[in-house]
Amino acid sequence: MYAIIETGGKQIKVEQGQEIYIEKLDASADEVVTFDKVLFVGGNDVKIGAPFVEGATVTAKVVKNGKAKKIVVFKYKAKKNYHKKQGHRQPYTKVVVESISL
1 MYAIIETGGK QIKVEQGQEI YIEKLDASAD EVVTFDKVLF VGGNDVKIGA
51 PFVEGATVTA KVVKNGKAKK IVVFKYKAKK NYHKKQGHRQ PYTKVVVESI
101 SL
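Using full-length UniProt numbering, the letters of the sequence shown correspond one by one to residues 1 to 102.
Do not take every clue at face value.
Think about it this way: if two alpha-carbon atoms lie no more than 20 Å apart in a straight line, the pair counts; the simulated PhoX-like pairs of lysine-lysine are [unchecked claim]:
no., residue 1, residue 2
1, K13, K24
2, K75, K85
3, K70, K80
4, K10, K84
5, K24, K80
6, K94, K24
7, K37, K67
8, K70, K85
9, K61, K24
10, K37, K61
11, K69, K24
12, K61, K84
13, K13, K61
Source of the hints: derived by calculation from the structure; they are not laboratory data. None of these values were measured; they are calculated from a predicted model.
Put together the whole structure using the sequences plus the hints.
Put into C-alpha cells, the structure is as follows:
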C-alpha cells in the first residue's frame with residue numbers, strides 16, 4: 001500500500017518502511033509524527049481525496065534533523081565591478097514511514 005501526502009507545500013509518495021527527506025519539522029529525533037493531509041491511498045482498494053481522504057493518516061518516526069549540501073549563489077554584472085557570493089543550506093527532516101491507515 002502507498003499514499004500521497006502533503007507536507008511542506010509538496011506532495012510526496014510514501015510507502016511503509018520508506019525513508020524520506022521532507023521540509024524541516026519542529027520535532028526531535030525518535031519522535032513520532034502524524035500526517036493528516038493524505039491526498040491518495042493506493043493498493044487493493046484505491047481512495048482519492050477531495051482534497052483529502054477522510055480518516056486516513058500516515059505515521060512516521062523522525063530519524064534526524066539536518067541541513068542539505070551547500071549550494072552557492074553567485075551574482076555578477078560584467079564591466080560594473082559588481083559581484084555577490086552567497087551560500088545556502090536547506091534544513092530538512094529525515095523520517096521513516098511506519099504505517100498508513102485508513
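Evaluated hints:
| no. | hint | in the structure |
| --- | --- | --- |
| 1 | K13 <-> K24 | 17 Å, holds |
| 2 | K75 <-> K85 | 7 Å, holds |
| 3 | K70 <-> K80 | 28 Å, violated |
| 4 | K10 <-> K84 | 30 Å, violated |
| 5 | K24 <-> K80 | 39 Å, violated |
| 6 | K94 <-> K24 | 9 Å, holds |
| 7 | K37 <-> K67 | 25 Å, violated |
| 8 | K70 <-> K85 | 13 Å, holds |
| 9 | K61 <-> K24 | 14 Å, holds |
| 10 | K37 <-> K61 | 17 Å, holds |
| 11 | K69 <-> K24 | 15 Å, holds |
| 12 | K61 <-> K84 | 40 Å, violated |
| 13 | K13 <-> K61 | 16 Å, holds |
Against the hints set out earlier in the document, violations occur for numbers 3, 4, 5, 7, 12.
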